[in-house]
Structure formats: structure tokens, C-alpha cells
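Novice: So the sequences go chain by chain: E and H. In the numbering used here, each number is its position in the first sequence, counted from 1, plus 141. In the numbering used here, each number is its position in the second sequence, counted from 1, plus 141.
Simulated from the structure, these hints should not be mistaken for lab results. Accuracy of the hints is not assured; some may be wrong.
Given that identical chains are not distinguished, each listed pair holds provided it fits within a single copy or across any two copies.
As the list claims (entries may be wrong) - Derived SDA-like pairs (lysine to any residue); straight-line CA-CA distance at most 20 Å:
| no. | residue 1 | residue 2 |
| --- | --- | --- |
| 1 | K495 | H214 |
| 2 | K518 | W546 |
| 3 | K495 | I476 |
| 4 | K169 | D429 |
| 5 | K483 | H335 |
| 6 | K483 | H150 |
| 7 | K166 | K334 |
| 8 | K166 | H335 |
| 9 | K334 | R215 |
| 10 | K521 | M505 |
| 11 | K169 | G463 |
| 12 | K230 | P442 |
| 13 | K521 | R485 |
| 14 | K230 | F511 |
| 15 | K169 | R403 |
| 16 | K230 | T245 |
| 17 | K518 | A435 |
| 18 | K518 | E469 |
Protein chains: 2
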Amino acid sequence: MAGADSDRHRVVIVGGGFGGLFAAKFLKRAPVEVTLIDRTNHHTFQPLLYQLATGILSEGSIAPPLREILRRHRNVTVELADVNAFDLKARTVTAARLLGPPLTVPYDSLIVAAGATHSYFGHDDFAPLAPGLKTVDDALELRGRIFGAFEMAELEEDPQARRTWMTFAVIGAGPTGVEMAGQIAELSRRSLKHNFHRIDPADARVLLLDAAATPLATFGEKLSAKAARAIERTGVELRMHSRVIDVTTDAIVVEGPHGEERLGCHTKVWAAGVQASPLGALLARAADVETDRAGRIEVEPDCTLPGHPEVFVVGDLMALNGLPGVAEVAMQSGIYAARTIKRRVAGGRAGTAKPFVYRDLGSMATISRFQAIVSFKGLKVGGFVGWLMWAFVHLTFLTGFKNRWIALFKWLSAFVGSSRDERTITMQQVSARIVAMRAGVRPGEESLSRYVEDRDA
Amino acid sequence: MAGADSDRHRVVIVGGGFGGLFAAKFLKRAPVEVTLIDRTNHHTFQPLLYQLATGILSEGSIAPPLREILRRHRNVTVELADVNAFDLKARTVTAARLLGPPLTVPYDSLIVAAGATHSYFGHDDFAPLAPGLKTVDDALELRGRIFGAFEMAELEEDPQARRTWMTFAVIGAGPTGVEMAGQIAELSRRSLKHNFHRIDPADARVLLLDAAATPLATFGEKLSAKAARAIERTGVELRMHSRVIDVTTDAIVVEGPHGEERLGCHTKVWAAGVQASPLGALLARAADVETDRAGRIEVEPDCTLPGHPEVFVVGDLMALNGLPGVAEVAMQSGIYAARTIKRRVAGGRAGTAKPFVYRDLGSMATISRFQAIVSFKGLKVGGFVGWLMWAFVHLTFLTGFKNRWIALFKWLSAFVGSSRDERTITMQQVSARIVAMRAGVRPGEESLSRYVEDRDA
Chain E
142 MAGADSDRHR VVIVGGGFGG LFAAKFLKRA PVEVTLIDRT NHHTFQPLLY
192 QLATGILSEG SIAPPLREIL RRHRNVTVEL ADVNAFDLKA RTVTAARLLG
242 PPLTVPYDSL IVAAGATHSY FGHDDFAPLA PGLKTVDDAL ELRGRIFGAF
292 EMAELEEDPQ ARRTWMTFAV IGAGPTGVEM AGQIAELSRR SLKHNFHRID
342 PADARVLLLD AAATPLATFG EKLSAKAARA IERTGVELRM HSRVIDVTTD
392 AIVVEGPHGE ERLGCHTKVW AAGVQASPLG ALLARAADVE TDRAGRIEVE
442 PDCTLPGHPE VFVVGDLMAL NGLPGVAEVA MQSGIYAART IKRRVAGGRA
492 GTAKPFVYRD LGSMATISRF QAIVSFKGLK VGGFVGWLMW AFVHLTFLTG
542 FKNRWIALFK WLSAFVGSSR DERTITMQQV SARIVAMRAG VRPGEESLSR
592 YVEDRDA
Chain H
142 MAGADSDRHR VVIVGGGFGG LFAAKFLKRA PVEVTLIDRT NHHTFQPLLY
192 QLATGILSEG SIAPPLREIL RRHRNVTVEL ADVNAFDLKA RTVTAARLLG
242 PPLTVPYDSL IVAAGATHSY FGHDDFAPLA PGLKTVDDAL ELRGRIFGAF
292 EMAELEEDPQ ARRTWMTFAV IGAGPTGVEM AGQIAELSRR SLKHNFHRID
342 PADARVLLLD AAATPLATFG EKLSAKAARA IERTGVELRM HSRVIDVTTD
392 AIVVEGPHGE ERLGCHTKVW AAGVQASPLG ALLARAADVE TDRAGRIEVE
442 PDCTLPGHPE VFVVGDLMAL NGLPGVAEVA MQSGIYAART IKRRVAGGRA
492 GTAKPFVYRD LGSMATISRF QAIVSFKGLK VGGFVGWLMW AFVHLTFLTG
542 FKNRWIALFK WLSAFVGSSR DERTITMQQV SARIVAMRAG VRPGEESLSR
592 YVEDRDA
């Protein structure tokens, strides 16, 4: 309502992740009308999803509502809708809404920041058995499974079956995999102490598997080796040179240096592969351009779609100079696109801008409490100093003043103390499992399958 | 494991609410072996469920894991199981578990603290359309519906239909109903400000209906009248002398002082009736004793089951001297039962104890931020002083040191500020609705029905 002006330049942003949100925020006082379209009501602070999945932070702490973040941005309209068509000729985006006819929004400039999802490398049947960690739903599902596994182990009489409940496999030893494995190890050894009578949670076996030679390989040899030692000190069992070739209800099959092996485990986390949102393929078809193997769109040096200078593709959906799919690239490319649009509107130019240059602010990964590794312009830091840098950066970017203080408080209580405040298993999660067991559905398939089905529909 | 001693007196406690939890805690150093059985992994701090349902607190803040609360109680075993049979002759309790054969636990003393659930007064078909507020699942479901209703209103083009999404009906003007209505009004007027473009959330209509003449009638005429004025100042529309005779997807039918009226509204909260857990009827049949109209068991003056001095019934499941179903009665009767057992074990007596005497510590209800009414031994306090007393008492009883500070911090940010940090609508909630709409199921019926079905199975 406020500030609406139909003659203004119309910007449509698809996706409220780091790319889309930072683009919308950058356009705050620009003389444009922005429509931000997302499928959920919240921004997801993906780098901390592992803390939601392991009981440290609540969903509200890492997933603030988009409407709330953007409430002072009078020129932004937030639409809760699921984009399903681009018309590059008519310059419109179409999206399904919960209610009523589809939404069709015309644009003068379009920023597509639809992000990425998991890749199971052609094994989509693994998905319900080994959820990834890209959304709040994923994290809540994993939280229920992880804490639930200890409950099941407590009930199990057969030692072999109990061991299967007490074994956790994290597939993929990038930052997310390392963080998940480290936190599962910590909660089993510290947070759940004295919680059970028949099992000792500290007996939990946490496997971290990867086909590469070292964990966190992108951090370079020295830091990676340091990380490997730190990971093993937390009690995590590192399995490098190991490819997961099959996933079943209660096991994974691994092809490793010594041949094939079947490892019994109920709880699996998929942190191995990433592929672009299906919107990438949709947009590529509409523009008749190429995508790379991960489904990302090969963009021009100014982040635009080839042949369509008015369409920007940013963040994880963009393939440009081999830039990695991390939050920092998404933010910078989102802001870059917004700045380009602002300049064009101000100057009336529609030509090419200066190419997008990524300012590498380094990368970091936490291993366990007070342990992180940081790589920044040749500077390689590990241990506690690395952890302090990690904490500082994450607090800085955590959206919302209060969330920061709550997060800091919870980190202190989880890391100096040992507690996990968010351990709720809902009856919905429990009864989904009961219903599935009664119906003969393989456990682990029931609760996510509904969601996956609907997502694909 | 630690401290297990098979010769010890065995106490079985059914239910980890205020009654059961406080009984277990009281027995900490007693020479008994305690088994606490609950269907969920958490204690639920029911007096603050309305804050979970309206986005102020997270589930972890009000539902700490039972295992965690009792981790230092070496003589307590927590069992996650659903009690379904009492054998008073063999002195055993049987419960279904998620896994394996049913659990059968023998007891020397039994404390049944299974609590209460909603009563729809014979209209169980209202349940999925107008959920109550007794469990974490209820609160999360209502949270999704309340915040989701504003999203739907934003999408709705038809003014009449939009009004239906923007109307909230709370049925029952006891403490829970007053708190829910007050918080929905506050979040619509303060927290959601500037969040939407097409609707003004402050236009939301919040109805609070009750068949009685005044809200919070149990607080006495003067305080009740004061509360009524305070409620109306928050913008809540009070409808007294009004009975809800039908509930549909998008309306309620009310029989009021001026006849029958149909009021369009999508979001309904049931805070009207309470009935004892079905375990009450089960136990009564086993013992061949009477239940009252609400399904509660008429106990002896020492809270024992008639004819069974070794079986205690406490909390909301107990009918004794007309005591109300509030947390304070549950705590005191739970502790009373535990103390009696401890004395018997120490003294070897199995005789009758001194009757249970409830020490009335008063009652309180919040109306809106900084407004509460308190009734304590003839002292009647309202307004801000009442609110301070409310905050003090609730912080005192909120289990767990950290939860208290987090709660205080969130109250300050929600009441001095205006934010609600916990507004996540999960994709599971959204897609349940989409699936239901596609399948032609009436919205509001899909997500709870699974849970209710399973609960009844």
C-alpha cells in the first residue's frame, strides 16, 4: 500500500535466501517496486541449521519471518508462493499460491535466487532414508530422528539392533557434514549424560564418510589435516576414500579402500551432494541456455542470463568462474544484482555493468565446541581462535538483534554447559512413525515422503 | 543401572505432568525404585502453552525432556510408552512402546497422574476444526493456523472471505481462553504491524465466547468484572451467555442472548471443556469404582483408589472435594502421594495417612501484556502488580535455570518490544494443507486428524 507506484521500475526476486533477501534489502530506498516470492514464510539461516537439528537453537532463532525482516521496506511486497513458470518474452513470473488463482507478476528486472537442494547422484530413493539439511523441515525431521534414535536404543533388547540405533552416519565431509557429525558426537557424550538407564549414550558411534582423501578438502592440505585430527578427538570415526553405494532402512553400504562393507545404522544424514533448484532447469529452458552438471545456469560476467540483460541469476543457482555455493557468494551476488538495477534505473542505461567480482572473505567450519578452522586470504587459523572468529561472524550475520543474544546465550549454555534446550519430539513425528510401522512402511520413509511427494507434485 | 535394587519398594508413576513429575522429584533420596511412564519425551509446562501457540516461546522453553529433568535422580527410570492396562490384582501396569513387546511393570505403589484432555461435550467432530491447547503438538498446530490465517487473508481477494480468515474465535473464557484471545489480539495489533501490504493485521476480529455471564468467573465478581474491562480494552470482543452449538470449516454457530447466529471464522481455539484422560475410565473399571461426569476418579481423602490403598490418583484425574484441575493441585497431590509412600516405606505401615489438604496458593490469569489478575486468600490484585506476581510465579516454576532467563528475555522483547520470535510455519504444515485441499478434505481437518486417529487407535 504505502509507496505503491505503478509507474516505477518493477523488480521481482525469486527466493528469500541470502541472495534474494540481501538484494531486497539493498533496494530499500531505491525508486523501484520489489516483489519477493518465497515458498516459506521465513528466511533460513542455513549455516546454523545443524544447530536446529541437534537441539541447540530453536527454529525461530534461525528462521525469522521474511515479512518481519522486511517490514520497514515499504517498497517490498512479500508473496508466499511457489514459482512454476517464467515467461521471458512477456516478462512475467507465475507462481502457485495456497489459495486462489496463480499469481502472475510482471517485471522490468528479475533476480532469480532460488538456491540449491540435495543431490543424491541419481539415487533419489535415498532421500527419505537419509535426509539432507537445507530447510527448517529437514532440520526438525533430523532432530526427531537423532533424539528418537536414543529412545529406540533404550527400548531395544537385542544388542546388535541396539547398536544399529546407536550408530549415526553422516555422508559427506564438507562443512555441514563435519558440523553435524561433531554435534551428534558432543550431544551423545555430554548432553545426554545420565539421561538413560539401559544405554550409555556415549557409546554412540558417529561415522563421517566421504569419497575424498580428507575432510574439508577445500580448506587446503594443512588445515584439512588439522581438522581431521580435531574431528577424531571428538570421537567421530572418519571414513575417507569411502563412497556410499546403497542406503537402506537400517544400514548403508560403503565402497571403501578395503572393498564393500555394510554398516548397520538407522540414522543417516546426507551432506554429500548439492544440485540447483529445479527452477534452474525451468529458467534455462525458457531462455534456451545451458546448465552445468549440477543444474546451475552459466551466466554472463555480470550475473545475467545470456541474451537477457534484465534477468539476473545469483547465489547457488549461478554458475560463474567456479564460485562455490556458499552464503557469502549468494549475498554478494544478490547485492551486486540489486546495485546494477539501481544504477540502471538511475542512469537510464540498460547496458552491461562491470563484471561481478567476488571478494573472498574466507571460509570457516566448526568442528566441535571451541574448535573451528578458518581460511582467510592465506591466513589459516584453527582451534579456539578459529572458533571465536566463527562465533563473531555468525553472530554478525544472524538476522535480528534479539536472535543474536539468544543465540549467544544458548551457545554458552550448550558449549560451556552441556545442555540442549530444544529436544522436543512431537507426537506428530512419533505417530507418523507408529502409523508407518503398523502399515508396514519402512521406518524413516513415512514422514518425509509426504513432503517430498508434495514438493515434486 | 545405578542404584538399582530389586528388593526395594517399587513405585510406578503414570504421567510426567505436574503431578507425576513432582512425585518423582520428591522421591529423589527415598529408598524406592521409581518408574515414570509418559507418552512423550517431555514434561509440558501447560500454563505457558499459549505462549508457544502465539509465537513468544519455543517448544524447548516450555517442554524440557523428562530424562534431562530427572538425570540426577538415580532411582528413577523414565519409560517412553503409552499405558493401556492396569492389573490391580497382579499389581502391574502395561504400556505399548514404540518398539518391541509391551512393557509390563510391577509395582508396590502406583501413582496415576494421567491428567486431562479436552471435552467437546459429545461433539468430538469439532476437535480437528477447533483444536484445544493441552500438548506441544496442539500449540504448534495452532501456531501454524494463527500465523497462516494472516497469510491466507493477504491472498484472499473477496472481502467477505478475507474477513473470515481475519476472524479468530476462542471458545471458553477461563484462564487459557482469556490468555489466547489476549495474545492473538496483541500480535495482530503490535507484532504484525507493517508485515503485510494488502491487509492491516490490526483489523483482525478476536471473539471470546462463553456460556457464563462473565469471563474468569471463578475469580469472583469484582475481579471478573475488572478482567472483562481489561479484556475489552485489548480489542477482544467478549460474547458472554453464548453457547457454541456448531463448528464448521469456516464458521461457528452461536446460541446467544439474541438467538442463533452464524459467525464466519476459520481459526478456532477450544478452551471450553476438560475431561479426564481415558486412563481414568480404564482404572475405574479395573477397580470397580465410580468416576464423576468429567471422567475423574472419586478418591479417598488420602488420594487413594477406594479399596486400593497402594494406588494413588492425583492431579486432574482425581475428584476430591471439588478441587479444580490446576497445576498447583497436581503438584501438591503428587508430592502428598510421594510423601505418603515414603512414610509407609520408612515406617512399614500400610494404613491410612492424614487426609490430603490443599493449600490454596491462589490463582492467576494474564489478560494482556502487563495485565493480570491474581486472587490469593481474599487478596484480589489486578493490573501491572498482578502481572508482576504472575511473571514471578511462572518464572519460579519454569523448570530449568536457563529456560527461565530465556523466557524472561523473550517476555521483555515481546512485551516491552513487540516481536514474536517463533513464527515458523513448517512446509509439513503447509503441504498437509495443500494435500488436503487437493483431496477435497475440509481444511483444518487434515493435519490433526492423523494425530487424533492415532491417539484413539
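Novice: Hints first: check each against the structure and report whether it holds.
Specialist: Quick rundown of the hints versus the structure:
no.: 1; hint: K495 <-> H214; in the structure: neither (27 Å within a copy, 66 Å between copies)
no.: 2; hint: K518 <-> W546; in the structure: neither (29 Å within a copy, 40 Å between copies)
no.: 3; hint: K495 <-> I476; in the structure: within (14 Å within a copy, 73 Å between copies)
no.: 4; hint: K169 <-> D429; in the structure: neither (33 Å within a copy, 71 Å between copies)
no.: 5; hint: K483 <-> H335; in the structure: neither (58 Å within a copy, 24 Å between copies)
no.: 6; hint: K483 <-> H150; in the structure: within (10 Å within a copy, 77 Å between copies)
no.: 7; hint: K166 <-> K334; in the structure: between (44 Å within a copy, 18 Å between copies)
no.: 8; hint: K166 <-> H335; in the structure: between (47 Å within a copy, 15 Å between copies)
no.: 9; hint: K334 <-> R215; in the structure: between (50 Å within a copy, 12 Å between copies)
no.: 10; hint: K521 <-> M505; in the structure: within (10 Å within a copy, 58 Å between copies)
no.: 11; hint: K169 <-> G463; in the structure: neither (30 Å within a copy, 61 Å between copies)
no.: 12; hint: K230 <-> P442; in the structure: neither (22 Å within a copy, 81 Å between copies)
no.: 13; hint: K521 <-> R485; in the structure: neither (40 Å within a copy, 66 Å between copies)
no.: 14; hint: K230 <-> F511; in the structure: neither (53 Å within a copy, 56 Å between copies)
no.: 15; hint: K169 <-> R403; in the structure: neither (54 Å within a copy, 44 Å between copies)
no.: 16; hint: K230 <-> T245; in the structure: within (14 Å within a copy, 70 Å between copies)
no.: 17; hint: K518 <-> A435; in the structure: neither (27 Å within a copy, 70 Å between copies)
no.: 18; hint: K518 <-> E469; in the structure: within (15 Å within a copy, 60 Å between copies)
The structure does not agree with the numbered hints 1, 2, 4, 5, 11, 12, 13, 14, 15 and 17 stated previously, though it agrees with the rest.
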